[in-house]
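Undergrad: Top line first, the protein sequences correspond to chains B and F.
Taken in order, the first sequence gives residues 1 to 202; the numbers are from the working numbering.
Taken in order, the second sequence gives residues 203 to 324; the numbers are from the working numbering.
Careful, some of the hints might be misleading.
Here are some chain F residues pointing at chain B (derived, C-beta under 8 Å) [unchecked claim]:
#	residue
1	LYS208
2	ILE212
3	LEU219
4	SER223
5	LEU227
6	THR231
7	LYS241
Calculated directly from the structure, the hints in this document are not laboratory data.
Note that the structure is predicted; figures quoted are calculated from it, not measured.
Where is the CB? At the ideal position from N, CA and C, for every residue including glycine.
The chain contents come next:
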Amino acid sequence: MNANVGVFAVSCTREHSTGAKTLQRERQLNQFLAEVERRALRIAEIAVRDRDEALDLVQDAMIKLARNYAERPGEEWAPLFYRILQNGVRDWHRRQKVKNRVMVWFGRGRPADDEYDVVANAPDPAGRSPDDVLQNHEAMQRLEVSIHELPGRQREAFMLRTFEGLDVAGTAVAMGCSEGSVKTHYSRAVHALRDKLGEHWQ
Amino acid sequence: MNDPGKNEQIANQAKELFDDSVERLDAATLSRLNQGRHKALAELDHSGPSVPWLRWAPAAGVAAAAVVTVIVMRGPQVDDFGPVTASDFEMLLEEDSFEMFEDLEFYAVLDAVDAEANGDVG
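Produce the entire structure from the sequences given, and follow the hints as far as they go.
TA: Put into structure tokens, the structure is as follows:
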């Protein structure tokens, strides 16, 4: 009888410990995702030029991270999350290419890039003079267009290093390439942006 | 071209603009992000047991149930239809073979008629 009670007590303690561990992991993951989600959304949005699509991509990346990598150490989450997101963005571009080819085949022209509605997708102003907001908004639009025009790998390297602040090693994991490649892509991206934005930014 | 100061300046300016745009995301977008995050966290509750082999438990259960079902269904009826012949396989390979399972008695009668015609009965 006593032995049974003992086994039950051990079992309860183990379950309690597992439950507490799960709860802690959930809290940590929630904190990580809350920190990263807004920047991730803007990074995806710059890459695909569509907020709804970007929201879907970020949500998919969050779900895949939780489903497959929640058990991994917290410091690995950022590169893994961005790797999932970048894969999603690449898949999105592939699907768009196929879609555009089909549209052309059926006689409907490729949707122009400038169909992206800048005003509808503009963030809400928050306590700043309209002139400041407009100026920043225009500069950001120029930057977005310039980044969007970069080759895919350069765009990824630049956004992950500059916007997300990943180090070279983390960016290499996120992009699935060597650290040397990251440095090359990043350097080329910055030079290209200097050429494109130089006249506006100097 | 390779001026590190200029490059850093471009990166810093881009980062400032980017952070500003992040800060000004509208409430509807933030709400959708929040919903997405909670959907992701819900995955943790359904991510299954931490013992790796137990992940296969549902699939193994379904497979075991399927095996038991087949054994029960085949059971004593197998002998009623006599030995399996080449023509049985031909019938199974036909496109409408799945429909055959719905009318097994009919095919049993057909088999018996064939056997009678061949003089196997008696």
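Undergrad: For every hint, state whether the structure bears it out.
TA: A quick look at each hint next to the structure:
Annotation: LYS208(F) was flagged as interfacial toward chain B, and the flag holds, the nearest CB pair being 6 Å apart, inside 8 Å. Given the 8 Å rule on beta carbons, the hint for ILE212(F) holds: about 5 Å separates it from the nearest Cβ of chain B. Interface restraint check for LEU219(F): the shortest CB-CB distance to chain B comes to about 5 Å, inside 8 Å, so the restraint holds. Below 8 Å, beta-carbon pairs count as interface contacts, and SER223(F) has one with chain B at about 5 Å; its hint therefore holds.
Contact between LEU227(F) and chain B, as hinted, is supported at the beta carbon level, the nearest pair being about 5 Å apart and thus within 8 Å. For the restraint placing THR231(F) at the interface with chain B, the shortest Cβ-Cβ distance is roughly 7 Å, inside the 8 Å limit, so the hint holds. Satisfaction of the interface hint for LYS241(F) is found here, the shortest Cβ-Cβ separation to chain B being roughly 6 Å, below the 8 Å cut-off.
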